[in-house]
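Undergrad: Sequence:
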Amino acid sequence: MKKIKYFPVAGMVFSCFFSLYCQSYSWQKTHAKVLPGGNLEWNPEPFVYAPGSSVRYIDYESGDDNNSGTDPSSPWKHHPWDPAATGKAYACTGIHTYVFKRGVIYRGILQVKESGAPNDPIKLTSDPAWGSGEAMFFGSRRITGGWTKADSSSAPKIPNPGKVWYIDLPSTMPATKMVAEIRNDSIIRIPLARSPNWKISDSLDPMHEWWRWTGTVNGGTAAGYRIDTVHLVQPDPDYWTNGYVWSEYNGVMGTLWGEKIISYDPATHSIKTGMNFGGAGARYYIENLPQLLDTTSEYFFDKNGPFPGRLYIRLSGDRDPNTTIIEVAEKSTLISLWSKNNIEISGLSFAFTTYDQYHWTTVDASLIAPVISVNENCYQVKISHCKFNYVNAGIALRNAPDPAYACHDICICDNEMNHIDDQAITCGSQSHDYLVNISILRNKITDNGGRQLCRWYSSVPAISGKLISGEVAGNVIDFSYGSGIYMFWGKDDGDTTRTVPFIRGMVHHNRVDRTMLAVNDYGGIESWQGGPAYYFNNYSSRARGLTYSGPEALYNPWAFPFYFDGAFKTYCFNNIAIGPGNNLTDKTKRYRAAYQQVLGF
292 MKKIKYFPVA GMVFSCFFSL YCQSYSWQKT HAKVLPGGNL EWNPEPFVYA PGSSVRYIDY
352 ESGDDNNSGT DPSSPWKHHP WDPAATGKAY ACTGIHTYVF KRGVIYRGIL QVKESGAPND
412 PIKLTSDPAW GSGEAMFFGS RRITGGWTKA DSSSAPKIPN PGKVWYIDLP STMPATKMVA
472 EIRNDSIIRI PLARSPNWKI SDSLDPMHEW WRWTGTVNGG TAAGYRIDTV HLVQPDPDYW
532 TNGYVWSEYN GVMGTLWGEK IISYDPATHS IKTGMNFGGA GARYYIENLP QLLDTTSEYF
592 FDKNGPFPGR LYIRLSGDRD PNTTIIEVAE KSTLISLWSK NNIEISGLSF AFTTYDQYHW
652 TTVDASLIAP VISVNENCYQ VKISHCKFNY VNAGIALRNA PDPAYACHDI CICDNEMNHI
712 DDQAITCGSQ SHDYLVNISI LRNKITDNGG RQLCRWYSSV PAISGKLISG EVAGNVIDFS
772 YGSGIYMFWG KDDGDTTRTV PFIRGMVHHN RVDRTMLAVN DYGGIESWQG GPAYYFNNYS
832 SRARGLTYSG PEALYNPWAF PFYFDGAFKT YCFNNIAIGP GNNLTDKTKR YRAAYQQVLG
892 F
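The numbering used here applies: residue 292 is where the sequence shown begins, and numbers increase by one.
Below, computed lysine-lysine pairings styled on PhoX-like, alpha-carbon distance capped at 20 Å: (1) LYS673 with LYS735; (2) LYS678 with LYS735; (3) LYS563 with LYS551; (4) LYS468 with LYS594; (5) LYS448 with LYS594; (6) LYS735 with LYS324; (7) LYS551 with LYS468; (8) LYS594 with LYS551.
These aren't lab readings, by the way, just hints derived from the structure by calculation.
Start from the sequences, fold in the hints, and give me the full structure.
TA: Now the structure itself:
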């Protein structure tokens with residue numbers, strides 16, 4: 292009888308131990324809501340306002356840098372890390388929680404000057420009880436008036452100039468690629484003037500309404516000419532010169548890419564660029580010329596023309612822009628960290644940044660211009676519960692060349708990112724230096740890569756990383772012009788001389804859908820190189836990868852839900868893969884393999 296009395300106690304002890312053991316690792320959690328049919332749903336952890344022992348308040352609209360900053364009734368205008376800060380705000384140092392008022396737009400930039408301490412981080416956040424709406428950071432200038440109706444002399448080359456309005460901005464303004472209208476609390480992006488005046492009519496083929504090349508001279512990536520005998524028929528040899536052409540590349544790993552037009556030959560119906568992309572049947576459009584501002588919902592910014600700094604606009608319905616709010620992006624990175632630690636950024640909303648410099652390597656945070664830039668020897672950094680809307684790039688982690696100063700122990704989680712021109716989350720650089728203990732969890736990304744700034748064979752990923760150890764889980768990605776998730780583990784391909792121990796990768800419970808919309812020969816979820824790396828319980832659907840020219844068109848569509856490029860020690864199990872269609876006659880809407888494996892590299 293005595294033994295019987297002890298068995299329940301022993302069972303309880305064992306049960307408690309087993310339960311604690313089973314939940315001791317992050318990869319044992321789903322990080323997403325698992326639906327009965329196997330699909331996954333975004334399931335972020337809720338935002339919790341948790342200030343430290345010392346709090347400072349910032350109200351960009353009504354604050355004063357000479358206020359105390361210690362009470363919501365006496366806030367500063369600027370954060371101490373803003374170069375524009377003065378007075379008591381500028382003089383503030385130490386570990387504090389900085390609270391940005393909700394419903395207010397902060398229009399400065401922050402260069403992190405200090406680190407927090409273990410278990411006592413410096414926090415940038417918002418308090419739901421102070422203000423209403425979002426605590427916003429905008430990289431733009433707001434225009435609420437000052438527009439003048441144009442005529443033929445003030446708007447040369449623009450069709451129907453009497454329907455166009457203009458305003459003169461500083462000539463030092465960058466050639467902005469982001470202009471938006473704020474109307475009834477909604478954001479309406481205004482496209483840069485272009486031809487054709489396309490819209491997305493097919494969510495699986497956003498390039499459906501673009502023009503097509505009828506031929507090329509000197510194909511591949513050599514300098515050459517692209518020909519369109521149907522649309523490039525203007526007699527003026529300067530008509531297309533200095534415009535910008537976005538075109539499909541007709542080769543393997545072909546990617547939507549933009550180039551400046553060097554010259555135009557009316558006799559051959561051809562344009563010339565520094566490199567040649569496309570091929571007969573490949574699709575393209577041209578933008579950023581005044582004569583292309585020929586309809587409503589377009590703008591043109593005259594950076595180097597007869598009126599440098601002049602912004603021209605036509606709103607929907609040919610409305611007067613003096614009656615609405617226009618945001619014109621002029622900044623790129625809004626918060627930058629260099630060799631700092633114990634920093635938390637949460638509960639903030641970022642919008643409207645612009646950039647136009649290329650980065651030659653896909654996973655290269657040193658050249659990407661993100662909203663939040665984390666650089667060299669940063670650790671114990673957490674970026675969570677933030678929103679990113681209509682920005683060039685979201686978050687980038689750049690490692691140090693010296694492994695002794697590597698970035699490590701960084702968490703990017705529970706963020707929402709919409710309409711990212713380049714890449715949403717990028718972790719790594721073009722060197723052999725990989726990051727350690729990086730967590731990318733429960734982020735939601737929609738519309739990534741439509742104006743990507745990488746090379747012509749980039750994978751244009753929404754989430755990318757070069758990691759020695761890390762976890763990528765619970766992320767939901769929809770509508771990416773390139774890959775959804777694109778990871779290197781341990782070291783680059785071709786690196787045959789180094790041994791990298793203790794590689795550990797966990798990629799699980801991610802959902803990616805409508806990926807590879809303007810790229811081929813990559814995967815919705817892609818992995819490179821070493822391991823062990825574990826890919827399990829992921830849902831990858833409708834990776835497209837179309838190519839409309841060259842011999843590769845025979846194999847359309849050439850993208851895969853899961854692609855393992857030169858990968859080894861990669862373990863894949865319990866994943867769901869769904870093709871873009873099951874049409875026996877239309878090769879653009881058929882299944883390919885669920886898994887693609889390439890040996891080598």
